[in-house]
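Chemist: The primary structure of each chain is shown beneath.
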Amino acid sequence: MGTQLFIIYLLTYIGLFFSVYFLFTFFSGTSRLANPRAKKLYSVTIAVPAYNEEETISKTIHSLLKLNYPKDKLDIIIIDDGSGDHTFEIASKFSEIRVFRKENGGKGSALNFALQKAKGGLFAALDADSVTSPDALLKMVGYFDDPEVYAVTPSLKVALPKTFLQRIQYVEYLFGIFLRKVLSFLDAIHVTPGPLTLYRKDFLLKTGGFDEHNLTEDIEIALRIQSKNKRIENAIDAGVFTTTPERFKPLFFQRLRWYTGFMNNVFRYKHLFHPRYKLLGVFILPSAFLSVSIVIFFVFFFLIKFFLKGFQAILNYSTVGFDFPTLFKQFRIDFFYLYFGPALFLALLSLALFVIFVSLASIYSKEKKFHLYSYPIYLLLYSFLFAFWWLAAGFYKIMKIKIVWGGRAL
Amino acid sequence: MIRAFSKKRFGYVFLITTLVFLLGLYFGYLITNSKLRDISEITQQLQTQTTTTEIEYLLFNEEPCLLEIPDRVGDELYQLASKLTFMEEHLGKKDKEVLILKEYYSLLEMRHWLLLKKIKRECERDTNLILYFYGESCNSCDEQGFLLTYLREKYPELKLSVYSFDADLQNSALVSLKRFYNVSEYPALIINDKAYSGFVGRKHFEEIFKIRE
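Residue numbers (my numbering), protein chains in the order written: chain X, 1 to 410; chain A, 1001 to 1213.
Derived from the structure by calculation, the hints contain no laboratory data.
Where a beta carbon is used, it is the ideal one built from N, C-alpha and C, also for glycine.
One or more of the hints may lead you astray.
Once the Cα atoms are required to be at most 20 Å apart in a straight line, the calculated EDC-like pairs of lysine to aspartate or glutamate come out as [as the list claims (entries may be wrong)]: (1) K1203/A / D146/X; (2) K40/X / D146/X; (3) K329/X / E1089/A; (4) K305/X / D1075/A; (5) K305/X / D1142/A; (6) K309/X / E1076/A; (7) K305/X / E1088/A; (8) K1083/A / D334/X; (9) K309/X / E1089/A; (10) K329/X / E1076/A; (11) K329/X / E1143/A; (12) K329/X / D1075/A; (13) K329/X / E1157/A; (14) K309/X / E1088/A; (15) K305/X / E1089/A.
Quick look at which bits of chain X chain A covers, simulated, 3 or more residues with Cβ under 8 Å [stated by the list, open to error]: (16) 159-168; (17) 303-317.
Calculated from the model, a selection of chain A residues having no Cβ within reach of chain X, i.e. all distances over 12 Å [stated by the list, open to error]: (18) T1053; (19) F1060; (20) E1103; (21) E1122; (22) L1129; (23) L1169; (24) Y1181.
Let the hints inform the model, and build the full structure from the sequences given.
Modeler: Here it is in structure tokens:
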């Protein structure tokens, strides 16, 4: 009992420390929240790699055409990555954009192809399942006035959450928006979302373009930029909306790819775990792994307790022949049994912190909608899903199971 | 300079975190304490009630059987037991305050039991007295306790008075009680002076009390 309690308190303290650190950083950086107004408008290429996207491609193109940005500075190209459907024909109907067709080679190869064709000095990719808000680009480009900035990330949001898994992701993405802004203050963004993150094209070309054999090429580039000690910025109110998996299985495989990709890339850039990289190397990256471990620990702890209690309850009920009417009669409400020990107090505290994080993200990313039911669903289920995905990713990694993505094993 | 490792920031965060953490611990401690105070208050009331009954018993010395024993004492004793078990679960078996309260509670139980036993014998009352001993190294004590609570509710006509004792307590009165009934295995039940060791199931109870469904 003693050691168990000590571990619980220690992990709670560490978790609380991270939360307070992020909150403190956010509030000490509020003067930097407004995006810098661009001194000049850079020429931008936005590439849409598309593989069998006939249903969503025109929506994505429409959102790009509505971008509030001078047309002569904006270069939109669609790369049809050997689709078997009408993606190419649909995209070709738009006269304002350039459309290319190539043999199927995966997202990385489509992006590299686009990189060769790109006219802009800045380069961004937008998946065909995502749409951008009209002002996103304008809000992001100002950061490039700083020559040390090599990438700028938008705020990624879930488009029209419907199923309960999408609602969970909706809150999760909001949480990510807060975290990314804080990490940008610390120059420690290590995960850039794929959609519409702007990069300096020269840098991409000089360092070999996108890694075609990477599960998460966006994470690889983020770490590449960090390892060159360049900066990644974030425009918190530049909204990009993405369609997220509706059901458990596709979501599971998406996370498997993300988390395995994250582990692979962090392993590849393991030299970042070094005081040379200051805060990123000695605090942010280790804390990312520690946070995952803490969540997994608490989920397991809870599940074990829950199952032991459940098992005992079944044993107890069986002794009375599951006579629920009588059991119900002896049920009395007594507030004494509402336990309010230190552990619960700290749990409530984390809940309060979560509310603050998500509220800050909603306010500063100018989120207009408020999906009330999403929050309780998220709080109830997310940690279990999160722990499960990470454990599965760890399992796949240890067992060296190949993860198939877009029909190709990576 | 990018990614500067700000010692000042870590200092502030450390201070805030520690403060909040300690505040949480203190708050939890306050609430735990108030719960323990609750228990001790109920114990006090119970003691007064038991003593009152004892004195009434003495007063009615000539006709002790005219004395009406309130059922409530038995009920409250029962509630107290479950509250103590609850605190034990959360604070641990070795928590000093819980141990003190439990020992006191056990003595109160014995006193109440002795009184009821005497009245039952002398006045031929139809109450059923059960002593229930549980221990830490016991497989089916949880179930036994659960079943006893259930039976109390299910068969009010049996007038069951259940007195539960933590057999691991080191109190000499309790040790004597255990020795008197030769209790060594848990769960152990003394039903109207007859000892049963090991789990007693529902069917068995119904046989003992001659209940037909």
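Chemist: Could you run down the list of hints and mark each one as holding or not?
Modeler: Okay, the hints, checked on the actual structure:
{"no.": "1", "hint": "K1203/A / D146/X", "in the structure": "violated, 82 Å"}
{"no.": "2", "hint": "K40/X / D146/X", "in the structure": "holds, 12 Å"}
{"no.": "3", "hint": "K329/X / E1089/A", "in the structure": "violated, 24 Å"}
{"no.": "4", "hint": "K305/X / D1075/A", "in the structure": "violated, 30 Å"}
{"no.": "5", "hint": "K305/X / D1142/A", "in the structure": "holds, 16 Å"}
{"no.": "6", "hint": "K309/X / E1076/A", "in the structure": "violated, 26 Å"}
{"no.": "7", "hint": "K305/X / E1088/A", "in the structure": "holds, 16 Å"}
{"no.": "8", "hint": "K1083/A / D334/X", "in the structure": "holds, 10 Å"}
{"no.": "9", "hint": "K309/X / E1089/A", "in the structure": "holds, 12 Å"}
{"no.": "10", "hint": "K329/X / E1076/A", "in the structure": "holds, 17 Å"}
{"no.": "11", "hint": "K329/X / E1143/A", "in the structure": "holds, 19 Å"}
{"no.": "12", "hint": "K329/X / D1075/A", "in the structure": "holds, 15 Å"}
{"no.": "13", "hint": "K329/X / E1157/A", "in the structure": "holds, 16 Å"}
{"no.": "14", "hint": "K309/X / E1088/A", "in the structure": "holds, 16 Å"}
{"no.": "15", "hint": "K305/X / E1089/A", "in the structure": "holds, 12 Å"}
{"no.": "16", "hint": "159-168", "in the structure": "violated (count 0)"}
{"no.": "17", "hint": "303-317", "in the structure": "holds (count 3)"}
{"no.": "18", "hint": "T1053", "in the structure": "holds, 25 Å"}
{"no.": "19", "hint": "F1060", "in the structure": "holds, 33 Å"}
{"no.": "20", "hint": "E1103", "in the structure": "holds, 20 Å"}
{"no.": "21", "hint": "E1122", "in the structure": "holds, 32 Å"}
{"no.": "22", "hint": "L1129", "in the structure": "holds, 20 Å"}
{"no.": "23", "hint": "L1169", "in the structure": "holds, 18 Å"}
{"no.": "24", "hint": "Y1181", "in the structure": "holds, 23 Å"}
Hints 1, 3, 4, 6, 16 from the earlier list are contradicted by this structure; the remaining hints agree with it.
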